[in-house]
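Participant: Chains as they are written, first to last, in the working numbering: chain H, 1 to 708; chain D, 1001 to 1464.
Please note that a few of the clues may not be correct.
[Said to hold, decoys possible] Sample of chain D residues lacking proximity to chain H, with all beta carbon distances greater than 12 Å (derived):
#1 1001
#2 1002
#3 1013
#4 1055
#5 1071
#6 1079
#7 1091
#8 1206
#9 1259
#10 1260
#11 1280
#12 1326
#13 1334
#14 1363
[What the hints assert, rightly or not] One side of the interface only, derived from the structure: several residues of chain D facing chain H at Cβ under 8 Å:
#15 1194
#16 1347
#17 1360
#18 1368
#19 1378
#20 1382
#21 1414
[Said to hold, decoys possible] Derived Cβ-Cβ restraints for the label pairs, each shown as a range:
#22 H/302 to D/1428: 40 to 48 Å
#23 D/1240 to H/637: 25 to 33 Å
#24 H/594 to D/1053: 44 to 52 Å
#25 D/1055 to H/644: 55 to 63 Å
#26 D/1055 to H/442: 54 to 62 Å
#27 D/1068 to H/116: 34 to 42 Å
#28 D/1304 to H/642: 31 to 39 Å
#29 H/626 to D/1068: 50 to 58 Å
#30 D/1087 to H/594: 31 to 39 Å
#31 H/106 to D/1428: 34 to 42 Å
#32 D/1216 to H/302: 54 to 62 Å
#33 H/559 to D/1054: 45 to 53 Å
#34 H/190 to D/1161: 16 to 24 Å
Because the hints were derived from the structure by calculation, they are not lab data.
Predicted model, so just to flag it, every value in this text is computed and none were measured.
Note that beta-carbon positions come from the ideal geometry of N, C-alpha and C, so glycine has one too.
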Amino acid sequence: MRGVTPPVKPPVTAPSTSPAISLGIGLATGLAVGPATGPVATHCPYCALQCGMTIGADLSIAPRTDIPANAAGALCQKGWTAAELLTNGERLTTPLLYGRPASWERALDHVAARLSAIRAEHGPDAVAVFGGGGLTNEKAYQLGKLARVVLGTSQIDYNGRFCMSSAAAASIRAFGMDRGLPFPITDLAEADVVLLAGANVAETMPPFVRHLPAERLIVVDPRRTPTARPAWLHLQPAPGTDLALALGLLHLAVAEGLVDEPYVAERTAGFDEVRTSLASWWPERIERITGVPVPRMRQAVRALAAARRAVVLTGRGAEQHAKGTDTVTAYINLALALGLPGRHGSGYGCLTGQGNGQGGREHGQKADQLPGYRSIDDPAAREHVAAVWGVDPGDLPGAGRSAYELLDALGTPAGPRALLVFGSNPVVSAPRSAHVTGRLGALDLLVVADVVLSETAALAEVVFPVTQWAEETGTMTNLEGRVLLRRRAVAPPPDVRTDLEVVQGLAARFGHRFAADPREVFDELRRAGAGGPADYSGITYERIEEEKGVFWPCPAPGHPGTPRPFLDGFATPDGRARFVPVEHRPPAEETDDDYPVHLTTGRVLAHYQSGAQTRRIGPLAEAVPEPYVELHPDLAEQLGIVAGDLVRVRGRRGEEQVVARISDAIRRDTVFMPFHWEGANRLTNPALDPTSRMPEFKVCAVRVERVT
Amino acid sequence: MRLVVVGNGMAGSRLVSEVRARDPRIDVTVLGAETCPPYNRVLLSNVLAGNTRPEQVRLLDPSWYGTHRVRAVFGSPVELIDRDTRTVLTADGRREPYDVLVLATGSEAVVPPIPGVERAIPFRTLGDCRRILAAAERSRRAVVIGGGLLGVEAARGLAGRGLPVTLLHLAGHLMERQLDVEAGEVLGETLAGLGVETRTGVAAEAVLEEGVRLAGGELVEGDLVVLACGVRPVTGLAADAGLEVRRGVVVDDELRTDDPAIFAIGECAEHDGTVYGLVAPAWEQAAVAAAVITGGKLLYRGSRLVTRLKATSVELAAMGETQLTEEHAEVVRFSHRARGTYRKLVIRDGRLVGAILLGESDAVGTLTQLFDRGGPVPGDRAGLLFPGLSAAPVADSPTLMPDAAKVCQCNNVTKGEIRACWEAGARDVPGIAAGTRATTGCGSCRDAVAGLVGWLCEQEGVPA
Chain H
1 MRGVTPPVKP PVTAPSTSPA ISLGIGLATG LAVGPATGPV ATHCPYCALQ CGMTIGADLS
61 IAPRTDIPAN AAGALCQKGW TAAELLTNGE RLTTPLLYGR PASWERALDH VAARLSAIRA
121 EHGPDAVAVF GGGGLTNEKA YQLGKLARVV LGTSQIDYNG RFCMSSAAAA SIRAFGMDRG
181 LPFPITDLAE ADVVLLAGAN VAETMPPFVR HLPAERLIVV DPRRTPTARP AWLHLQPAPG
241 TDLALALGLL HLAVAEGLVD EPYVAERTAG FDEVRTSLAS WWPERIERIT GVPVPRMRQA
301 VRALAAARRA VVLTGRGAEQ HAKGTDTVTA YINLALALGL PGRHGSGYGC LTGQGNGQGG
361 REHGQKADQL PGYRSIDDPA AREHVAAVWG VDPGDLPGAG RSAYELLDAL GTPAGPRALL
421 VFGSNPVVSA PRSAHVTGRL GALDLLVVAD VVLSETAALA EVVFPVTQWA EETGTMTNLE
481 GRVLLRRRAV APPPDVRTDL EVVQGLAARF GHRFAADPRE VFDELRRAGA GGPADYSGIT
541 YERIEEEKGV FWPCPAPGHP GTPRPFLDGF ATPDGRARFV PVEHRPPAEE TDDDYPVHLT
601 TGRVLAHYQS GAQTRRIGPL AEAVPEPYVE LHPDLAEQLG IVAGDLVRVR GRRGEEQVVA
661 RISDAIRRDT VFMPFHWEGA NRLTNPALDP TSRMPEFKVC AVRVERVT
Chain D
1001 MRLVVVGNGM AGSRLVSEVR ARDPRIDVTV LGAETCPPYN RVLLSNVLAG NTRPEQVRLL
1061 DPSWYGTHRV RAVFGSPVEL IDRDTRTVLT ADGRREPYDV LVLATGSEAV VPPIPGVERA
1121 IPFRTLGDCR RILAAAERSR RAVVIGGGLL GVEAARGLAG RGLPVTLLHL AGHLMERQLD
1181 VEAGEVLGET LAGLGVETRT GVAAEAVLEE GVRLAGGELV EGDLVVLACG VRPVTGLAAD
1241 AGLEVRRGVV VDDELRTDDP AIFAIGECAE HDGTVYGLVA PAWEQAAVAA AVITGGKLLY
1301 RGSRLVTRLK ATSVELAAMG ETQLTEEHAE VVRFSHRARG TYRKLVIRDG RLVGAILLGE
1361 SDAVGTLTQL FDRGGPVPGD RAGLLFPGLS AAPVADSPTL MPDAAKVCQC NNVTKGEIRA
1421 CWEAGARDVP GIAAGTRATT GCGSCRDAVA GLVGWLCEQE GVPA
């Protein structure tokens, strides 16, 4: 195997649907048509919507119309310009060892030798792995196996901990299972009312907006975002008070007799305790905590209750808090009280963020989890997976540290001394990032596999240049739980390998034979996950192609997949959904005289996550070239700040200088910073949710002042 | 440590749950005079109005005490505190030794000493509430004596049940502790439209079978009479035990009385000269006392008072010093009595020190939080009173839009680019989409693009 690049599979067949005929976009963008150079049907490299797109031989991009997420032929600017990722000049094309080009063999040998030495001296948990929610299912699976079988370490987690962990924990607690949307995205169009709590889809996944009901959209957000602006109703709570708001809505639902009592009796358990807990959360108290007027709350809950079909959705705005799990639980409680989950056209769902944010949380790159969305503490799960891996269940490590705790422990006496990073850029994306950068610096060995020299890769002793999106094939599970095939459309640059090949190369150096062919890995993943909650056993690449995606669970070859898993019952032992009483509490860091305003963070349309991709694309960098802080005109006036001023945003963990933008779309007591650049996360609070271990990205206290 | 809590109302029950949340080991006993588990008194007005069902006001289920290992005795009023032996004695002969004692005895309804007052029902407890509701069933007309917060809520609630209501108030205007004269009058006018006739500046002299006789002899008819004449702190137990009592049981910033083993919280306590009659301060005090008792370090520094009326179709929030005039503060006022709207801001030293909002307004959340946090008041006062007033108008007409205006956010396409695409030959939305990608993201700019194309065609006389 050494020294030989594995044979590259030719691109799979021509696209099954011609692109965007309705819009004539193919022609307009110069798509070459012809059987020899036919465009390849694949998916977008970015968010969890995973819009269908084709890539022509000339790298022209066009939307597909056979994928429900963007069947209208939609793409946002990120999708349209994605091909620039394939050609921009900042691509890594050779392994780097101490910053200098090295051969693959030398780089892999070096890493293997260093890992062996560290393990020998400090034990297996001295080596850690950090994965990502953008990695394919095959990679997520293989990273978990690398950690548990080859390295024998419990220390593996991934950046999805910063995204989906709160919603996942709450869904599992309530429904026994976490599939982001437990219904096809197209069901949303049938809803009369959709409540969107803490999601700015008009910027983060624009084609999603086409699925929302035009009439009764309710948006909960401290900012009047492009999503909130056209909404029927916008509730604008203070950051960190979403949980209180949800309790207020539920209180009103009970007080006004809007609870679906037969549904609650038949399909749920635990409502009585929740009902009692609500007596402490009357609307006028909630108004004082959240700043949302009581009549607006009443309007929202009445609309939800009056709807024939209604959906409650949560996003990171509600979830990225030290009480994110309870906040989601409060929204699930509301949905359950109104009788929504498990009914055709209604329900609760979370909006997954990263491209494979759903699949990424199912296959074992999470600290407490084995493939198939199984718990690593479950003896039966350990036995099943160990059998597939051909190891003794007793040799599988137990649960390790969660993402922030892992990063925080790096280079400490009790923590890991080596870290392998795949598909993640924690220098930009982790909370209290300056501290995290310091921890990375304290490691004996940092290894990063990436497409470009990200801020994290720049710190690494060894950097592996890897293929990206359209240069490799793999499956992605989108926000609906629909397993999709993202196919290779173009040849990667020479001397660049896939993540799977990198893992294979490392495993081989420890005497383990790992597959690197995605299809082979997928087949193993199907076996390892069989019988688990996220059962992919019946899904094949062929089926995905034919059916334009298959919904998990799909436990057998003949099984049709499960678009709506909760119609007949929930995935709990007795089939009933669980109400869980939760209580609001203030943010982990409250404002005071020294730090008098809230900081909240989020995304802008032109950029994606840590910006490692989008900041390198001309039109996107041009659209939003630099980080900024958004503040209300009244606050700006008080601080003597005008638009364009350089301002200092100072918090307890660091400070940043950025340009001021003035907008009355934000509350007077709050400022906003996008997190696509190094900076915003130097300020954010790593206080963790006790259940999900989600950091409190969405609210901390800062002081803003003009730089004189 | 043995903690005994006297009183299982809003303050006492809150303290008990806060203590248990902080410390699973402390031995806790709570003695309540009422025979039922604790309930939320704030919601009684809603129960009276039929907006909340009686079972929804319960704060803790009886089973909570078992699962949290708290001994609770309902219907057992305390008669005596023996500070020498650190023991309390209950009316039913129970002796409870304590290391720490918390008094949360609350307050009782004031019953005016007028003839026939026993015919009236005070509005204070859940039991009172049930009695009023039962009486309302067979009544034709109600009289509420007392036009403070609770009286107004009771009057509105009864009127909502279809009873004609007369609201009698001694002072010159309603809710005079929270409102200025004009707000009180506007409130009266709003209530009139909802079936509540308000009589201010009147004293009830006697309660008769057929109604209430006023001083001067006039009879106000009604076969249901409700008393909402205010409350007074229950302090007898503390006074008998020799603790310092003024209007309430005097406490320091740790909510301790002059006996360091005894705390007092809620409506029976007097902190820094103030006895609070609202739940928010009681719960803030409970949190501080619970922290101190469990070894934490917290101090209570007083509460900011926000009064929020709970009455259907009457939106009223009042906070702080609402009666200050221009001599002592900056006052911003808007009044539109025909619509039942009255808004007032009282600003001193650049901070909001008082406000009244009568009539529905989205400003209520912002103002309450500004008052609570004591932050600086923005220069744009009108924008505070009228949210959305200062928002820039949206130029959606294609003619008025500058060329640099972004039409398609998702694909970052300006009006200028659309014009250029049109000039290059595109004559419809699909054509513009093909050339510029406008409309291909979320799709919400489709109408705007269609409007632009139509306008451009019109300008040039080209059929669209």
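Participant: None of the hints should be skipped; say for each whether it holds.
Facilitator: Going down the list of hints, with the structure as the test:
1. Its beta-carbon lying about 25 Å from the closest one in chain H, residue 1001 of chain D satisfies the requirement of being farther than 12 Å from that chain.
2. With a minimum CB-CB distance of about 26 Å to chain H, residue 1002 of chain D clears the 12 Å threshold, and the non-interface call stands.
3. Interface exclusion of residue 1013 of chain D from chain H breaks down, the closest Cβ pair being 10 Å apart, not more than 12 Å.
4. Chain H draws residue 1055 of chain D into its interface by the beta-carbon criterion, the shortest separation being 8 Å against a cut-off of 12 Å.
5. With a minimum CB-CB distance of about 20 Å to chain H, residue 1071 of chain D clears the 12 Å threshold, and the non-interface call stands.
6. Remark: the non-interface label on residue 1079 of chain D is consistent with the geometry, its nearest Cβ contact in chain H lying 30 Å away (cut-off 12 Å).
7. Residue 1091 of chain D, annotated as away from the interface, keeps every beta carbon of chain H farther than 12 Å; the closest lies near 28 Å.
8. With 12 Å as the threshold on Cβ separation, the claim that residue 1206 of chain D sits away from chain H holds: the shortest Cβ distance comes to roughly 36 Å.
9. Every C-beta of chain H lies more than 12 Å from that of residue 1259 of chain D, the closest at about 30 Å, which supports listing it as non-interface.
10. No beta-carbon of chain H comes within 12 Å of the beta-carbon of residue 1260 of chain D; the shortest separation is about 30 Å.
11. The non-interface label for residue 1280 of chain D is inconsistent with chain H: the shortest C-beta to C-beta separation is roughly 7 Å, within 12 Å.
12. Interface exclusion of residue 1326 of chain D from chain H stands, the closest Cβ pair being 23 Å apart, more than 12 Å.
13. Listed as outside the interface, residue 1334 of chain D is consistent with that label: its C-beta sits roughly 17 Å from the nearest C-beta of chain H, beyond the 12 Å cut-off.
14. Look at residue 1363 of chain D: its CB is around 8 Å from the nearest CB on chain H, not clear of 12 Å, so calling it non-interface is violated.
15. Contact between residue 1194 of chain D and chain H, as hinted, is not supported at the beta carbon level, the nearest pair being about 16 Å apart and thus beyond 8 Å.
16. The criterion of a C-beta within 8 Å of any C-beta in chain H is not met by residue 1347 of chain D, whose closest approach is roughly 14 Å, and the hint is violated.
17. The criterion of a C-beta within 8 Å of any C-beta in chain H is met by residue 1360 of chain D, whose closest approach is roughly 5 Å, and the hint holds.
18. Given the 8 Å rule on beta carbons, the hint for residue 1368 of chain D holds: about 5 Å separates it from the nearest Cβ of chain H.
19. Proximity of residue 1378 of chain D to chain H holds as hinted, the smallest CB-CB distance being about 3 Å (cut-off 8 Å).
20. With its C-beta approaching chain H no nearer than about 11 Å, residue 1382 of chain D sits outside the 8 Å limit, and its interface hint is violated.
21. Interface restraint check for residue 1414 of chain D: the shortest CB-CB distance to chain H comes to about 11 Å, outside 8 Å, so the restraint is violated.
22. Between residue 302 of chain H and residue 1428 of chain D the beta carbon distance is about 41 Å. The supplied range of 40 to 48 Å therefore holds.
23. The hinted range of 25 to 33 Å is not satisfied by residue 1240 of chain D and residue 637 of chain H, whose Cβ atoms lie roughly 58 Å apart.
24. Distance hint check: the CB atoms of residue 594 of chain H and residue 1053 of chain D are about 46 Å apart, consistent with the given range 44 to 52 Å.
25. Here the CB-CB span from residue 1055 of chain D to residue 644 of chain H is close to 58 Å, well matched to the stated 55 to 63 Å.
26. Between residue 1055 of chain D and residue 442 of chain H the beta carbon distance is about 58 Å. The supplied range of 54 to 62 Å therefore holds.
27. Range check, residue 1068 of chain D to residue 116 of chain H: Cβ separation about 53 Å, and the 34 to 42 Å hint is violated.
28. A hinted range of 31 to 39 Å for the beta carbons of residue 1304 of chain D and residue 642 of chain H is consistent with their spacing of about 33 Å.
29. Under the hint 50 to 58 Å, the C-beta atoms of residue 626 of chain H and residue 1068 of chain D, about 53 Å apart, fit the expected range.
30. In this structure, residue 1087 of chain D and residue 594 of chain H break the distance hint of 31 to 39 Å, their C-beta atoms being roughly 47 Å apart.
31. Taken as a hint, the range 34 to 42 Å is violated for the pair residue 106 of chain H and residue 1428 of chain D, whose Cβ atoms sit roughly 59 Å apart.
32. Range check, residue 1216 of chain D to residue 302 of chain H: about 46 Å between beta-carbon atoms, so the 54 to 62 Å window is missed.
33. Range check, residue 559 of chain H to residue 1054 of chain D: about 50 Å between beta-carbon atoms, so the 45 to 53 Å window is met.
34. Taken as a hint, the range 16 to 24 Å is violated for the pair residue 190 of chain H and residue 1161 of chain D, whose Cβ atoms sit roughly 39 Å apart.
When each numbered hint is compared with the structure, violations occur for hints 3, 4, 11, 14, 15, 16, 20, 21, 23, 27, 30, 31, 32, 34.
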